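Participant: The hints should help you fit chain B onto chain A, whose structure is shown.
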Amino acid sequence: MTSRRSFINLRRENIKHRIGMILITFFFFFLAVLSFLMIIQNICSRDIKAEKIMEQITDLARPEYGMAFVALGAALLLAVSSFKYLHSRTEVDFYHSLPIKRTEIITILLTNDLMLFVVPLVLVTAFKCIVTAAAGYLSQAFLVHSLFAVVCYTAIFAVTYLTMSLAMLMTGNTFIGLLGFCVFSGYSPVMLCMLYPSLASAFFETYCEFGDKSVIFSYFSPLSLTRLLLASGGTWRWEEHVLHLAAIGVWVVILLLINYLLFSRRASEMAGKAMAFPRWNPVIRFLLVIPGAIYVGLGLYAVSFTSFKPWIIAGVIIGGFFAHGVIECIYRFDVRGLWSNKRQMLASLAAAFLIVGFFWLDLSGFDRYLPREEELSSIVVDTSYLTDNSFWGKERNGVTGKAMIQSRKVLDRIIGENDQNKDILENGGESSSGYDSYTFTYKLKNGKEAKRVYALSPELQDDLMEQVFDTMEYKKDTYSLYTADWSLVTDVEISYPVCTEVLDMTKEQRSELFRLYLEEHAALDYKTASSTVPFGQLTVMHKLKPGSSSYYYAEAGSTDAYHLYPSFKKTIKYLRDELGVDVKTSMKDIPITQVNVSRYEGSSDKWESFDIYDEEFIGSIKEKLCYGDNLWLYGIDRTVDTSVDISVTVKTGSGEEVCSVYTDHETVEKLKQQGTFE
Amino acid sequence: MIEIKKVSKSFEKIEAVKDIDLKIRSQYIFGMLGTNGAGKSTLLRMMAGILKPGQGEILIDGQNVWDNPEVKKRCFYISDEQYFFPNATAKDMATFYGRYYLKFDYPRFEELLGRFGLDGTRKIQTYSKGMKKQLSILLGLCANASYLFCDETFDGLDPVMRQGIKSILAKEIDERELTPVIASHNLRELEDICDHIGLLHKGGVLLSKELSDLKCNMHKVQCVFPEDAKISLYKLFGILQLKQKGRLISMTVRESEEDIVKKMEDLSPVYYEILPLSLEEIFISETEVVGYDIKTLIY
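These protein sequences, in sequence, are chains A and B. With our numbering, the residue at position 363 of the first sequence is 363, and numbering never jumps. With our numbering, the residue at position 159 of the second sequence is 159, and numbering never jumps.
So here's chain A without its partners, still in its complex pose (with noise of 0.2 Å):
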């Protein structure tokens, strides 16, 4: 063994003859601290609150904000500089045959590249220290924020390091190195982590992402871990990342590992190869390979823009050939490796096609399943009325008991019915009118949950909302507001015939608007709701909560909308009487002049419409008419007509104003039968 005062050598020797490098990485550092001190300077001089420069000064501080990037790139350089003397047989041969053990020189570059890194970070990070206290703003927090800066941006560091290290070490040549880097950052955030919903949209009707599965796949990858350790929801609180910091530690103690043991196993006649453990050549090849011939397969019937899924097939051979003709052509350095190996070539088509042949036969029963009465807690329905995830309220914990048995039948009855329901849906034109799209949880006994996404008739959406509109566990699992944080809301807004504003009240008003629509509408049966237009609506406007999948990437907020019915007398009062609100329940007495309905002929791609000006028969249909300006049609698109679009003409104290209503099969009948489509 080195002794060690020599290892100390060593590692100066090291550092010496690394100066270029040494200069790049402080170089980073330098316009870190330069940029720090312009915005320093900038916050400075600006004319507003100490409290609010302190504030932003402290924010100055806090990880996501800081040289993150300065970390990735260090990694990068310092991995490349200190393993590629490994792809030099002049450099392999001279460094290996010094006397030292290999162990030790690996430990000499781990070492001293994370001293280049740590040293000026933490001089950096004082240097940062300093100037703010200069300039009267250190705060504890600053402190508290620098530290856990120091702490990530190692810990980024290290793993991007390692990573690329272990490139470096699993290949002889450097930019096949760059390239496994690549391969390491991107395989499994990326190509694992899309293959499964790609398959499963190509092929399952009924598939449906749900849930947030893929988080796992980034814990696999030095990128995407920087990603989940710097992502805040406008603070980043180290309490929500030790699990990342863990994960990142775990990770480093691994490539540590694997990096010391091919070290010291890595031959050194691979200097210049492709791959310096030709072993396990063929393993990464199925690896990419398979894959890789999927996803092309399932691009090319992507952009074929047809459903004619054998385009998968020849997508599959195209990309299976391609594939590993590449990866072999840079195995051999010599493009007449696409032909070879033709055997492995076909064994990862083979693969790639059982992959795909079992998605495209349904082998799973993925499409056919529902779970067994006695394997089910219960079943969360999800209506149009959400989208995109915007329900933010309480945990959602579906229907149960009788409701839940009798929304069972009628989906048996949905799955049975589904592959036909899809193709009206999706190309019905006319036909697919009321046709639409619900998804449903199966929470298990077992603690397991399925999502599927079926197409349903307007029949078979009757049948299912009779069971569980008026049950109050699908009421709290759909309209957030009953379960949701009040305080979260931001703002309230009415809309009613045939205006819109901001409800000015304070919060105990608010809460007891809440309160009293809430009371009303969890008496509002299917019945009613399904056959009843409603006047208005209230517009909540919300900020997320935290741990929302939206909360890490901005402050903004959502809005949902709660439908008023005449039936609401509470509600309606409370608005008229506390918070001084003209709310109009009808359109009966506003004055309309003029009714214009329109339509969009798809054969001739042209819009249509006529005016009605009968003054007797717009009377006679003004009762039946929303006020569409700002509907949220969500939730009562089986109510409303959307088969055409209908703007009435009013008159105001300053002139007309043209508007959008909205109204029943019955009335829109009866507004085709006034005039013809031009």
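Check each hint, because a few of them may be wrong.
[Unchecked claim] Derived lysine to aspartate or glutamate pairs resembling EDC-like cross-links, with alpha carbons at most 16 Å apart:
#, chain 1, residue 1, chain 2, residue 2
1, B, Lys23, B, Asp67
2, A, Lys16, B, Asp92
3, A, Lys101, B, Asp67
Because the hints were derived from the structure by calculation, they are not lab data. Every value quoted in this text rests on a predicted model; they were computed, and no experiment measured them.
Facilitator: Chain B alone, transformed into the frame defined by chain A:
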């Protein structure tokens, strides 16, 4: 002493070194001769602990060399294309090697640099190819390692420089236990320097002998026998090669000069002459026996 025991090494499907058994005694200059692709560099790199033998083992002073710093401290490998750090000077390289070879003789290095006319403060990248070779030899000598492995190191040195290096090597062998192992195609160089020759061909050892033995035991004989003489020369001599032009027979035989004289006297030829073989001729003769023949290369 270096002991190579049943060592084989393959690069994917190519068998570079095949089942080699060889002993290299200390304080001998061992010349490793071989045809192109014979496995000389591979064997040398295995001896230097750079490559791991696929099979067998290489012992230096009784210890396995692979990943063994204690053994490698006694060895210095000079590649056919020695690596120097970019922008480094000769003195920088000496400092670097000094970290690993703790007995590195800096004063001697300075002295030798001066004697060879190399500027120790000049960047090595501005050196000529020959100067780089000289520098790598000087670094190897001053590292004070017991074993010096030189791969084609003397190719490219001018004759004066070669003689200079040769005398330094001789002095080092006398003064301390230095064992140089030199792989080269340049047979004339080895002939000047080496004590012992190992001839490699297609990954195996064709022969390994003292150079003096080799030279003493191999001769070229030209002779003319009476017209009616019926002599089976192949039965009498260890013939490696035999050519006949008219009555003049020219043959390469593996016999000592005394034995040849004795046998020739018994045969009473009209005329005979015994000529010594150069190392190059020995190389050609030996390799020709195993099919590595100039004729097979050209025709």
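Participant: Take the hints in turn and mark each one as holding or not.
Facilitator: Results of checking the hints against the structure:
1. With a C-alpha separation of about 21 Å, the suggested pairing of Lys23(B) with Asp67(B) is violated against the 16 Å cut-off.
2. Restraint check for Lys16(A) and Asp92(B): satisfied, since their Cα atoms lie roughly 10 Å apart, inside the 16 Å limit.
3. Distance restraint check for Lys101(A) and Asp67(B): the Cα-Cα separation of roughly 6 Å lies within the 16 Å cut-off, and the hinted pair is therefore satisfied.
In summary, the one numbered hint that this structure violates is 1.
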